[in-house]
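S.K.: Work the whole structure out from these sequences, hints included.
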Amino acid sequence: MIAKLKLQNERLQQLLKPKLKLLVTRWQLLQTREQQLLIAMAVFIVASVVFYSVTGLMKYNNRLSRDVENLNQFTLFSKQAANWYKVLNKVQANTFNQVNLTQAKADVAQILQVKDPDILIQDDQMTINVPNVQYNQVVTLLEQFRRSYALFPTQVNVIRQSKAGYVSFNAIFWVKQ
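The numbering of the sequence shown is the working numbering, which starts it at 24 and goes up by one.
You may find that some hints are simply not true.
[As the list claims (entries may be wrong)] Ranges between beta-carbon positions, derived for each pair: (1) Leu39 / Ala65: 34 to 44 Å; (2) Asn106 / Arg169: 54 to 64 Å; (3) Ala105 / Gln31: 52 to 62 Å; (4) Val179 / Ala132: 29 to 39 Å; (5) Trp107 / Arg169: 39 to 49 Å; (6) Asn106 / Val181: 32 to 42 Å; (7) Leu35 / Ala65: 15 to 25 Å; (8) Gly188 / Thr98: 47 to 57 Å; (9) Arg89 / Leu53: 43 to 53 Å; (10) Ala173 / Phe97: 25 to 35 Å; (11) Val69 / Arg89: 52 to 62 Å; (12) Arg89 / Ile182: 37 to 47 Å; (13) Gln31 / Leu61: 22 to 32 Å; (14) Lys199 / Asn106: 20 to 30 Å.
[Stated by the list, open to error] With a straight-line Cα cutoff of 35 Å, these simulated DSBU-like cross-link-like pairs (lysine-lysine) come out: (15) Lys138 / Lys128; (16) Lys186 / Lys128; (17) Lys138 / Lys40; (18) Lys42 / Lys109; (19) Lys29 / Lys44; (20) Lys82 / Lys109; (21) Lys128 / Lys113; (22) Lys44 / Lys27; (23) Lys27 / Lys42; (24) Lys29 / Lys40.
Think of the hints as simulated: they come from the structure by calculation, not from any bench.
We put the CB at the ideal spot given by N, CA and C, even for glycine.
M.R.: Dropping the structure here:
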């Protein structure tokens, strides 16, 4: 291996020696001012190459840093989304509190201020039908069911009545018995 390298080195010297001698003789033929100009030009070219190499490497490093930061953010968001998915996947509808007919009637009667509300629980569905009630009381009732029983309506019908602020309210909730 070393012998091959020595052989290649000798061949390279044989090729470059005549060209190097020619270059040295031409350099000596130049005037001092021309030599100084060539040296200045060579220094400028070397400095330019070094400058553009360094700035290119800096830009490449900045781009890589941005890409790594974006990947880290994506990884963090993905982990958060996976955790949220796991948490949401464990949640089941209406596991907060069980609904019974008497308690639901009492809540509806208290909030909507009606004496005997029309409430029916059948086949895992609770139907509430109140013909004449204030709209803001309906919103309060829906909020109360959400907070107390974790119930969200699957179907809501609100029909405006002739009296201002009053509606006819009908809602169906999915309940677990």
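S.K.: If any of the earlier hints don't hold here, list their numbers in rising order.
M.R.: Violated: hints 1, 2, 4, 5, 11, 12, 17, 18, 20.
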